[in-house]
Amino acid sequence: MGSSSKDDTGSDGDTSSRDTPPSNSSLFSEGERVLAYHGPCIYEAKVQKAELRKKEWRYYVHYLGWNKNWDEWVGVDRLLKHTEENVMKQQALQKKQGADRSSKSGRSAQTKQKSSTDVKVEKEDIKSYVAKGKKRKSDSGTEKDNVSVEKLVKIQIPSTLKKQLVDDWEFVNQQDKLVKLPRSPNVDDILTKYLQYRSKKDGMMTDSIGEILKGIRCYFDKALPVMLLYKKERQQYHDLVVDNVSPSTIYGAEHLLRLFVKLPELLAYVNIEDETLIRLQQKMIDFLKFMQKNQSTFFLSAYDGSRVSEGKGKGKDE
28 MGSSSKDDTG
38 SDGDTSSRDT
48 PPSNSSLFSE
58 GERVLAYHGP
68 CIYEAKVQKA
78 ELRKKEWRYY
88 VHYLGWNKNW
98 DEWVGVDRLL
108 KHTEENVMKQ
118 QALQKKQGAD
128 RSSKSGRSAQ
138 TKQKSSTDVK
148 VEKEDIKSYV
158 AKGKKRKSDS
168 GTEKDNVSVE
178 KLVKIQIPST
188 LKKQLVDDWE
198 FVNQQDKLVK
208 LPRSPNVDDI
218 LTKYLQYRSK
228 KDGMMTDSIG
238 EILKGIRCYF
248 DKALPVMLLY
258 KKERQQYHDL
268 VVDNVSPSTI
278 YGAEHLLRLF
288 VKLPELLAYV
298 NIEDETLIRL
308 QQKMIDFLKF
318 MQKNQSTFFL
328 SAYDGSRVSE
338 GKGKGKDE
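When the letters of the sequence shown are read in order and numbered with this note's numbering, they come out as residues 28 to 345.
FYI, nobody ran anything at the bench for these hints, they're computed from the structure. For every residue, glycine included, the Cβ atom is placed at its ideal position computed from N, Cα and C. Incorrect hints may appear among the rest.
[Claimed, not checked] Each pair of labels, with its calculated beta carbon distance range:
id: 1; residue 1: H265; residue 2: S56; range: 46 to 54 angstroms
id: 2; residue 1: Q183; residue 2: H109; range: 25 to 33 angstroms
id: 3; residue 1: D313; residue 2: L267; range: 38 to 46 angstroms
[Claimed, not checked] Pairs of lysine-lysine, DSSO-like flavour, derived with a Cα cap of 27 angstroms:
id: 4; residue 1: K249; residue 2: K289
id: 5; residue 1: K241; residue 2: K310
id: 6; residue 1: K258; residue 2: K207
id: 7; residue 1: K320; residue 2: K289
id: 8; residue 1: K241; residue 2: K320
id: 9; residue 1: K73; residue 2: K289
id: 10; residue 1: K258; residue 2: K116
id: 11; residue 1: K95; residue 2: K181
Could you put together the complete structure from these sequences and hints?
See the structure below:
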């Protein structure tokens, strides 16, 4: 991927097959409706701002139908004109990727499925730690009937961690690499380090933080095999997570970060008081800032290329 600058979450053109426009002319204009790459899929978006930075145009985009905390600066290599041809390209990519979190119908169907299966299993274990919300499609105000509650847990993911998520997807799905397991530090280690960090900073051990971290661990162990793995990682999971071993002792920051992308959707099914909801949201944001602060030590800079090719992992159309 490209620059490590805080607002540069996309690659800076070295992998793009499209021509870079002249430095003095912007290819996209403010207010223009576009198609934008984010991870494995293409999303409808709107250009909010366009700025010329170091002889390259950067665009601040809002993904239509998504919360504003996903707004970000991207390069021209992440954007497509909103044409019929590119819309067809978007639809073909959605179909190839199983329409995971990409189309409106896909998000709706996915939410319904989880409400009747995964979330029902997890609800009893996490009801003490999590908050009520509504599904991710909140900006448009539609599809509310699928979720009975109206509160949304907004979890602001720092821009450098968003870039980490995109890199993570590319390592596994485009470069056929896996996170080398077991990880050190693992999820348990990271949660313990955060508890120590907060205790030292606050000067005391708070029960509420301990309970929230206990809930995150429980949630991670249950959610990992159901929704936090890519197809190419499933065999690795079955090989390593045996004899009732907790995934939180084997996996690390890479997979833990994926959980925070899913949390707003999953927490929509569990009720808790508004005051507790606000505190929970603040704690989650603080935890992500802690992960960002320790990003260089918590996350791998490169993945292992030897494991995927051993099994069925070759081929992107699985």
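Here's how the hints hold up against the structure:
Taking 46 to 54 angstroms as the suggested C-beta distance range, the pair H265 and S56 conforms, at roughly 50 angstroms. The hinted range of 25 to 33 angstroms is satisfied by Q183 and H109, whose Cβ atoms lie roughly 28 angstroms apart. Checked against the hint of 38 to 46 angstroms, the C-beta distance between D313 and L267 comes to roughly 31 angstroms, which is inconsistent with it. About 13 angstroms separates the Cα atoms of K249 and K289, which keeps this hinted pair within 27 angstroms; it holds.
Under the criterion of a C-alpha separation no larger than 27 angstroms, the hint pairing K241 with K310 is consistent with the structure, at around 13 angstroms. A threshold of 27 angstroms between alpha carbons decides the hint, and for K258 with K207 the separation of about 16 angstroms falls inside it, so the pair holds. For the hint pairing K320 with K289, the CA-to-CA distance comes to about 22 angstroms; that is within 27 angstroms, so the pair holds. Between the alpha carbons of K241 and K320 the distance comes to roughly 21 angstroms, so the proposed pair stays at or under 27 angstroms and holds.
Of the pairs offered as hints, the one joining K73 and K289 holds, with about 23 angstroms between alpha carbons and a cut-off of 27 angstroms not exceeded. Between the alpha carbons of K258 and K116 the distance comes to roughly 22 angstroms, so the proposed pair stays at or under 27 angstroms and holds. In summary, the hint linking K95 to K181 is supported, as the alpha carbons are separated by about 10 angstroms, within the 27 angstroms threshold.
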